[in-house]
Amino acid sequence: MPNPFESTEGITKRTMVLFFVVDTSGSMAGTKIGAVNDAIFNVLPEIRTISEDNADAEIKIAALTFSSGAKWLYEEPKPAKDFTWPYVDADGVTDLGEAYKMLNQKLSRNAFMKNAEGSYAPAIFLMTDGEPTDDYKRELETLKANRWFHVAVKVAVAIGEESDVNDDVLVEFTGTPEAVLRAHTPEALAKMIRLVSVTASKIGSRSSTVGQGSRQEAFTEELNRQEQEWKPVNSTEDADEGWN
Amino acid sequence: MELKGCCGPGGGGAAPRLDFHVTVRGAAHIRKGAACQDYSRTVRFGDCAAAAVADGHGDARYFRSAEGSRMAVEAALKAIREFLLRENEGGTRSVHGTEEKMTQLKKNIILNWNRKVGGHLRRHPFREEELAPLSEARRGRLRQGSEIESAYGTTLIAAAVAPGFWFGMQIGDGDCFAEKADGTLEAVPRRPGLVANVTTSLCEPDAIDSFLHLYSEERPVSVLMSTDGVRNSFDSRESYMRFMRKVAAAFSAEPGGRTRRFLKSFLQDMTERGSGDDLSVAGVVSAGSFGDPRAAADVRGGSSDLAPGEGHG
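The listed protein sequences derive, respectively, from chains A and B. Quick note on our numbering: the first sequence kicks off at 1 and runs consecutively. Quick note on our numbering: the second sequence kicks off at 1001 and runs consecutively.
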């Protein structure tokens, strides 16, 4: 008698989507956008390795840029091995609300979370250097009602000095100040992008955790454990060179 | 695994009832050298049968979840057995005061589990190597005896079938449902709003609020349950349901060790190609109620979705 289960169809791996949400407004022009471009480009091989080494989940990447409006770099999340980062330019204003709106549209079973049966909670990584120029609060409220956003690992990097970036805006996004980092220098930014991307990819593709906020908690715990690695470059001691 | 044939409802001419359970260690757990954190068992007594599966949380914070899931299944089956022996005395065919009794049963299960956790911890205090990977704050809480249950965190699904009724109860992810003779489904509800790999747990202080149940006096031809690794190995609910119906049909047609070996072998392959998680499938089926198991998914009618039934917290 043949095994009656052998003909079973539809078996697949789970997926975890890592979202890069990148400010490409005019104030990012020059060193800042160059550092972002370099850092994302350079971290991709490491994410590919994490995805390939993780036999239980595939990591996919989606990228959204925002300035005067917002746009997805690709129509759907791409497997890490197929994702390439096209160096982006900076120009225009800071329509963060538009980015939130578009993010909300894609955090859905009908869009980027199609493989919802086996999907892990996504990781969303926001990078910005300025104050939003549109009504971001209204769109954030809508986004917060999205269950995928609610369970996602959320982290934000403020690029630049305290006087330039409104931390409160980023804390509103992440839900906790512990998940908001500040990059005073291009070197710090590069290390943060690497650390956050790698940590989020690892934490995001772990098995079940308890409670809606637990994945965010696990992420910040992991960041704290690695504090020695990133804190020195995040300190004011390195701020001399700045972004000029 | 135990596989038992059991006499049907009251033995009154209904098809014999068969219970089964299979657990396999996840491919990811094997690769990492981690223990199997799933557990499953069934029990049968008189004209009743019960099954339970539990899935210990995999995160490092729940470092004793393999013990936690075993204790959850044992706690549930003990409480359910006592409940059914009491309620089924004299061939009772329904439960009066259902809501209150179901709530009390769930409280008894939680209490049993907490006692087992406490007893285990007294015999096996936390070791420094277990605490080392945790954050300082979490280590401090556990050392002070606070939130100790979290180390044993687990989900739990349990169901029982008696002559005049069946019920299922669930806390956390995974699936539990019954299929009636006409192919329609009744599913145990889960707390709404949970997506992705986030779950509720027996280890939470408000566990009773997340512990939902479904009680029904509709006669099922099968009551099936699985831990989340099973459903997460499929690309859709439809694929998952086709597989689970195939399981019911296979055990209904041939309740022997061969079917169990086939399923175990297939689950070992499935965890490799699918979620990588530990996998557990258990249930109670009526003998001969399905057609050819290879065609079961096609011959059964009804909804293939798992729309939650009318459940009660």
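Simulated from the structure, these hints should not be mistaken for lab results. Be aware that a few hints might be false.
[Said to hold, decoys possible] As a list, the in silico EDC-like pairs of lysine to aspartate or glutamate whose alpha-carbon atoms are at most 20 Å apart:
no.: 1; chain 1: B; residue 1: K1264; chain 2: A; residue 2: D38
no.: 2; chain 1: A; residue 1: K137; chain 2: A; residue 2: D168
no.: 3; chain 1: A; residue 1: K13; chain 2: B; residue 2: E1238
no.: 4; chain 1: A; residue 1: K114; chain 2: B; residue 2: D1235
no.: 5; chain 1: B; residue 1: K1264; chain 2: A; residue 2: D168
[Unchecked claim] If we take Cβ atoms under 8 Å as the criterion, some of the chain B residues that face chain A in the derived model are:
no.: 6; residue: F1045
no.: 7; residue: N1232
no.: 8; residue: S1236
no.: 9; residue: K1246
no.: 10; residue: L1263
no.: 11; residue: R1273
no.: 12; residue: S1275
[To be verified] Covered by chain B, according to a simulated footprint, are these stretches of chain A (three or more residues, beta-carbon under 8 Å):
no.: 13; segment: 9-23
no.: 14; segment: 217-224
Ideal Cβ placement from N, Cα and C applies to all residues, glycine included.
Hint-by-hint comparison with the structure:
1. B/K1264 <-> A/D38: Violated, at about 48 Å.
2. A/K137 <-> A/D168: OK: A/K137 and A/D168 at ~12 Å, within 20 Å.
3. A/K13 <-> B/E1238: holds (16 Å)
4. A/K114 <-> B/D1235: Status holds; Cα separation ~9 Å.
5. B/K1264 <-> A/D168: Answer violated: B/K1264 to A/D168 is near 53 Å, above 20 Å.
6. F1045: violated (29 Å)
7. N1232: Cβ of B/N1232 sits 4 Å from chain A, so the hint holds.
8. S1236: holds (6 Å)
9. K1246: Hint holds; B/K1246 Cβ to chain A Cβ min 6 Å, cut 8 Å.
10. L1263: Since the shortest Cβ distance to chain A is 6 Å, the answer is holds.
11. R1273: holds (5 Å)
12. S1275: B/S1275 check passes; min Cβ-Cβ to chain A is 6 Å, inside 8 Å.
13. 9-23: It holds, with 6 qualifying residues against the three required.
14. 217-224: Per the Cβ count (3), the hint holds.
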